[in-house]
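**Q** Residue numbers (the numbering used here), protein chains in the order written: chain A, 1 to 151; chain B, 1 to 279; chain C, 1 to 353; chain D, 1 to 343.
A few of these clues could be false.
[Unchecked claim] Calculated pairs, SDA-like style, for lysine to any residue (alpha carbon to alpha carbon, straight line, at most 20 Å):
no.	chain 1	residue 1	chain 2	residue 2
1	D	Lys155	C	Phe207
2	C	Lys71	B	Val12
3	D	Lys140	C	Leu215
4	C	Lys75	B	Gln274
5	D	Lys140	C	Asn33
6	A	Lys101	D	Glu337
7	B	Lys277	C	Leu278
8	D	Lys39	C	Lys75
9	C	Lys218	B	Gln274
If you are wondering where the hints come from, they were derived from the structure by calculation, not from laboratory data.
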Amino acid sequence: MTEPIVETKQSESKEWEPKIIAFLCNWCSYAGADLAGVSRIQYPPNIRIVRVPCSGRINAYFIIKSLTDGWDGVVISGCHPGDCHYISGNLVARRRFAILKELLEFFGIEPGRVNFMWASAAEGERFAVLIRKATEIVKKLGPNKKFEKKW
Amino acid sequence: MPNPYIPMLTKVKSMVSENEVNDIKTFELEFIKEEEYKNFNYIPGQYAEISIIGKGECPIGIASSPTEEGTIKFTIKKMGTVTSSFHNSDVGDTIGVRGPLGNGWPMEELKGKNIVVIGGGFAFSTLRSLILYVLDEKHRKDYGRVTVIYGNRNSGEVLYRDVLEEWEKRDDIDVVLTIDREEDDWTRKVGFVAAIVKEVAPSSDNAVAVVCGPPIMITTAQNELEKLNWKAEQILNSLEMRMKCGIGKCGRCNIGEKYVCIDGPVFSLAELKQMPKEH
Amino acid sequence: MDEKILLKDNIGKLYSELEKEYKFYAPTKVKGNIAFSRISNVEEIELEFLNSKVPPKDVLFPQKETIFEYKYEGKDVIIEERKDLEDKLLIFGVRPCDAYSFKLLEDFFAFGDFQDEVFLKKRESSTIIGIGCNNPRQSCFCTSVGGHPFQKESTDVFLSDLGDKYLVEAVSEKGKNLVKKLSWLSDAKKADIDKSKELAKQAEDSFTTKFNFDLVTKVLDENFEHPVWQEISESCIGCSSCTFLCPTCTCFDVIDENDEYNNRGRRIRIWDTCQSCLYTLETSGHNPRPEKIQRCRNRIMHKFSYYPSNYDCVGCVGCGRCISACPVNNELRLIIDKILEIEEKEKGEKISA
Amino acid sequence: MVIIVGLETENKDIENNMQEIAKGLLKEKKVDVIIGYKKGTLPLLSQPIIIDKEEDVDKLLWNNLCYVNLAKYLVPRVPRFVDSEKGNLKVGVVAKGCVGRGLIHLASENKINLDEITIIGIPCNGVVNRQRVEMEIGEKEILEVSVLGNNVIVKGKDFEKEFPFDEYMNELCKGCKIRKPSLVSKFPDLCVGECEEYSNIVDEFDDIAEFESKTPEEKWEYITEALSVCTRCYACREACPMCYCNLCFVDQNKPVWFGKTTDLPDIIVYHLIRAMHMAGRCVACGACSLVCPMGIDLNFINRKLEKIVKERFDFTSGLDPDTLPPMVDFKMEDAEEFMLEED
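In isolation and in its complexed conformation, chain A is listed as follows (with noise of 0.2 Å):
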């Protein structure tokens, strides 16, 4: 029953990887992150995806939930502003991750942590740069351990 969320911890010989979750729009991001699959475009296989309609689905819940949880990094993706399929969603959305990026700042969480960005279903060029791009700035924060409880 208590299954593990992510899988345990690799051992310390090994080089440390980050585990990143990313929350993909359903329209845009995710269908990018399938395009640049199925055109073989390499990014590190650090994230794993969780499917949402919509940016705008995404509650601070989810992203501060997963650091609790364990996760080394979020990063969060939705259609480009104006291409929204629910027209405003990522809008709204937008707004409300700029005040949870800076008050994760303000509060000592190193911001790295939490990525957001904006890929459409063509660029899936672009959003294997960036999940690279992310997956780096989370590795070199390292392991995230304000959120561990202890035991």
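Fit chains B, C and D to the known structure of chain A by using the hints.
**A** Showing chains B, C and D alone in chain A's frame:
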């Protein structure tokens, strides 16, 4: 004395879906340690705090009768976090059990009396326990006639069909089944429980009514019984409350100075009338 | 003579001698508030204090406490009981009101057929060194609930603050053994004992708040459905500061906390409060106490009506924490006055009629 | 910095005006009840009071200890504000700047109907930072608090201490630019007493600039240090006029989002998400800090929120009921410098 918060461990032996929509299941649990089962002496109407370890704990009435040996049964409706994870569990999963808890139906006081069982919906589980206990060969002579009035929203919601059918065949028990609205193929009664109580009009002579069900059914059925000259002392209820510990410590199930978890869950209507209306 | 003298300068000696045997808890200053915490250095002890913000009940009944731990191995569960329950504890510097609260808690956790082993075992293995209360606050009313600023009964060893030294009295067997062990304590002189008595008298006389709780209980029993409850609950914002700082509040919630990485977890209990609407909310959506008025009433009734009928004493130690903590000043003294007014009005009417 | 001349006289003036207006409102039956403050039973407290009779007006008071945000009693309305026959009563609210902001912002969220309330505006001169005074007095009992000149004088059994008011004001009051409730042109009858029209509010946010320049580690240390004493009693939430949800996120259990314990990560997450929910809604009344039984100063988080909202969306809450709050609104040209971009 052992730590009362530590559950005894059991395994799910079987699970049976009880209704059409599949949100009520009966779980049969088998104790891992034999001696723990031997010490698990309960009477009908008691409950246990059962838990999926790692998900949480909740109080559930024991649906099996002490006369059914070897295992204990719980009928659980999928409602919240814990009950949902019960529904997601498999045969062989470990379940924690703490109990038996609560006072249960007063089986000693019921001796020699006619028993009218009025139940609604899935609250029938501890009533099943009661009836099976009374109908058991060892106890049958101690109790008078049993009348069961059991109502449900529709025919798909009727629990324990197998035992109900057996009871219907017997001649020392009257079983009246009812559903709220007319349905094809339904040959039994139709109407709310209170209306059926009025129709059946059980006699209050040397009798005790045992009522368990949703709050509105309890109130209406009680009113009918009182109209039929039943005294408040003759009507027994089993209450529901949010409980966390089951042993009178966590505080939340109090009605006045009484704790439902240890002083209840069974109260007579006379007792309830003395208590504040916070239930 | 049984009474001894402990110089304040010798607290360090006392600490270093007892710290090996006991987990030593004492009042310390944490972020500007006095709190009872386990100390690792005698310098941390704060001797000049009125009373702690959070009552010392949290040493024996912490806000978050593990009941047991568990491990999953496939479908099997292994339960590990706590092993630290019988570690010896020493709580230094408990005020008499808080010491009395331990007795109430003990009665509560031992009540009925089920004994709360988690609390009771710790209580049994703990030794309490009480300190007399030279300066009761305005909001204190321990004398109204059968207490006294120099009440010794619930402590093991009792200290009276005589300026630069403490008068040490062993109260219980446990305390006598402890004092015997501290052989270096000097004997007290008669003057010291007299001074202590004088301080006790002074403290007792300084109380301004006095209640007749027998009457309160009687009025409460008769007035469950009185419009006064509406008035009382009106300005309450339901913040539950009163219950979180109360030395006799015991309600808790039980939660399973999991360590998903290692297939293990622990069942914990955390303080809960009857002032929260979720406290009684059932899964079905039914709530026996959905309104603020019912929750406010429950707190007062519980302390002053239900407690007396179950345990024969008022469930309050008169520490006054709820009075000073209430942010909207809807405080106990006013509430009790309002309750007693009911009786006065009734009597008044009867007389006039 | 606002210069305060003779705090004592100022308070008396405010109080007299307020009582005069309240009397008039009750006399002319323009309101059914008035909610205001009265003297508390402890030296550093005031007590909210509901009056419906003219003769009770004398009980109303203004001093620098009136920190509860009275807007809280309107969402949901306390039972006395609802009549079984007449429905919602017309309520007069004694309102300093932030109470007025609270009411107007609640109206912009459609939580209250401005037709049903009257704002009795008073020019607030700040409230005392009760926790700070208490902590500085330390382990002595405060028996009397009075205001003399510009000082707050705290007396006890064997001590007397003066606190310069402008330093021992609540942190949010120090830089407060909205001391009187805002005038709402659409509702000319809404405000009586002293209200003011605000055009552009200029705020430099110097006070948090220093904190922001710290490294993440330093910030984390400061935050964890400040919040570690939190007992999760949720007094901050209950005192906040904007926290009116039926089911708060920390109480949700389907699913259980965040832990309920007092472990540090759980505490941080609670305050982080609560801050998130306050963005563009906080009316800077400081009630959350002033009610905290452990004396945690949440004001610096609120200041940060104000800053974000002001800088990003040029919004100040509680001035105009018709402006959409920023978190339910959007503009195509909102800044997005934080988005990840290709190099």
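**Q** Tell me the numbers of any earlier hints that the structure contravenes, in ascending order.
**A** 3, 4 and 8
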